[in-house]
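> For reference, the chains in residue letters:
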Amino acid sequence: MDYLLDVQDIHTFIGQYHILQGVDVHVPKGSITALLGRNGAGKTTTLKSILGLTPPRQGSVRFAGQELRGLAAFDVAALGIGFVPEHRAIFRDLTVEENLRIAERRKGDYARKQAFIFSLFPDLQRLIGLSGGALSGGQQQMLAIARALVPDNRLLLIDEPSEGLAPVVIEHMMAAIRQLATEATIVLVEQNFLVASQLAETYVIIEEGRSVQAGAMRDLVNDKATIHRYLGAA
Amino acid sequence: MNTFLRKNLLLLLTLAVLAGFLAAAGRNMETSDFVITLLRGFSVGALTFLVASGFSLIFGLLDVLNLAHGTLFMIGAYAGWTVYVRPDTFIDLVTPLALLVSGFTLADAWRHLAVRISMTGRGVAAWIGFGVAALLLAYILPRYPIAMWNVDDYAQSPVAYSLAASQGQVTPPPAATFTEIAPGVAVLGLLISSAFIAFGLAWLRSGGQAGRPLTWRSFTRVAMVLLVGLGALIFNDALTAWLFALNSNWLFAIAVAVSVATGVALGGLMEVTLIRPLYVRPIYQLMLTLGLSVIGTELVRAIWGRPEFTMPKPELFAGTGAGCPATTFGDWLTHHCSTVILFEGRVRVYNEIFIPLVGLVVLISIWILLKRSRLGMIIRAGVQDRQMVEALGINVRRVFTQVFALGVGLAALGGVLAAPSIGLSNTMGESFLLNALIALAIGGLTSYPGAALGSLLVGLLQQFIIKYGQIGIPIPFTEILFKPTPPIVPASTVLLMVIVLLIMPNGLLGKKE
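Protein chains in written order, with my numbering: chain G, 1 to 234; chain U, 1001 to 1513.
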């Protein structure tokens, strides 16, 4: 099968700690893939390793047939990978508009995507002049996703989109992510299994730095034993 | 409005207290003294700001405490002096520098070539290239003719040349000529060694990665550099004579431009070669910049000598004849007086009006750069979260280099502006670096407006204390007239810093960490 993103047996160290000890992630084009696992299992590090923010020492990361290992993070991102990090990482001192403009990869990206972004997140249009620090958690999460949509990204890496959000906002977020999936391939890290199971088509379970199981989400939903074993109570 | 008041209550209170002090100072002084002291405060504040703003930009984005900033300020002053008083030396230096740089402007092409010729043992080959280049340079550079002053001979020392220049006696020193080495050999040798070094570096670094597509830009760049270098060689005498005959205002403008360019080049070079490998080891970085500041000072001592000397002011600010000191702006425009009468006091135009004005212009320009340009946006974002900026596909490393170069360029601008006012000395950088650090602590380390406010406060406080050293402060309810002694001047700013930091640990405009 042809994968848009093909991560094979990566090993990543942070300082002396061997955080990832062999992670495989195969992401078919046009799908939503969820990375599941307990806190500290290495899901976020996997995303950062794909992007080159914590470069893996071994293994290979292929994106659309091109090897990413050895490239600097900004070169990886420029190939068309958008990143929505944990805790959003909105630039507090920049206005909402500047937070979007800074993501331009080519001049005019923002002007071109404006209408699409505001149709997805109508609230942002109202907040456009506010500084990023003044937004609520949900608004920041929308802005973080919107920021990844400004350039033409083929792959979106989204880390914990539902974290700390009210249920109503989570609903909105899920609807937005579903709509995005029609345009781009998505890799999702999600603690909330309910959210993950409703969004993703495929999953990879990461346990203590290793990918231990992968498959179709509809099979996992019925596999109570696996859910209990790797993800705790579901 | 209310929330603004509540948030900034401490800041407003502090400013009110300071304004109170200032008003009290004004009441105990003649108006003319007060105005002059105020303007001098602005002047010192502006120079401090030029050091502090660059320092704070670099620290904010790169997390590098550049302790060499004061030395770079000083180097800016000496570079400016060289262009202004000894343009012949400057023109002589242009050729070898341009030839040495020429190889590096072809970096893109070398990278391409390096990927093509990826043979084994390229490390050895590259090092042989470096060796050949070093031998060539060791042969050529000592024999390359550069007309220079002589620090050991008073008649030809910088001090003597400065004196002559300030009296308007511009007698070009004898030009240096090619005697020990043929010009063709020198030019060719420099070109070859530059190419060897640049290609060797590209070769060592080519780790199997394909280079970027080759463009015409690198070739136009090398053509420009060669044009400048060879032009300066062929028309050396004509250019030197032209610069010596040039109106001193224009020459000063050129000196400022060259000085800033020197700062930008030094800053860029420093970041790329020395700072970059040490981002993961901040303590080493601190030691490195400290060491560089010492090396820089010793280099300046070796080249320009230890004695202090002055830099004559440009004509625009040096008039003394009839009609001076000027009383109106129109008078000043016609006579270009060095001093004007303001509130019945004599104010030096260059020191007390021109420098603060330049400081203000820089303040506003950098503010616009930060707020309106894409580079500014990236800087503001990068101060908060570098990784995220990189994750957006932005080459943060290049921005680091640009910011470092900009910061050092600002320091060099400060140095060359300060030179005609306070003179050149080996220690001029230290006091300004110290002032700048105190100003940043007062204003808030990574806050740009904080740097401006802190610098202004430091400048004003120092000048008022100096003034009170002359006229004395009457202590209320006693007959005592307290005259602050000179050591109190720097101590007072430290005291202000301590008080401000006790009340507001992040400085007046700093953000909470």
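No lab work stands behind these hints: they were computed from the structure. One or more hints might be untrue.
[Claimed, not checked] Computed footprint of chain G on chain U; a stretch qualifies when at least three of its residues, placed anywhere within it, have a C-beta under 8 angstroms from a C-beta of chain G: (1) 1102 to 1108; (2) 1368 to 1381; (3) 1436 to 1444.
[Unchecked claim] Far from chain U, some chain G residues (derived; all Cβ distances over 10 angstroms): (4) Leu4; (5) Ala73; (6) Met174.
As the structure is a computational prediction, the values presented were derived from the model and not from experiment. By construction, the Cβ of each residue, glycine as well, lies at the ideal position given by its N, Cα and C atoms.
> Confirm or reject each hint.
Hints versus structure:
1. 1102 to 1108: With 0 residues closer than 8 angstroms to chain G, the stretch 1102 to 1108 of chain U misses the three-residue bar; violated.
2. 1368 to 1381: Answer holds; 5 residues pass the 8 angstroms Cβ test.
3. 1436 to 1444: violated (count 0)
4. Leu4: 18 angstroms, holds
5. Ala73: It is violated; G/Ala73 is separated from chain U by about 5 angstroms at its closest Cβ, not greater than 10 angstroms.
6. Met174: Holds, since 23 angstroms exceeds 10 angstroms.
Hints 1, 3 and 5 from the earlier list are contradicted by this structure; the remaining hints agree with it.
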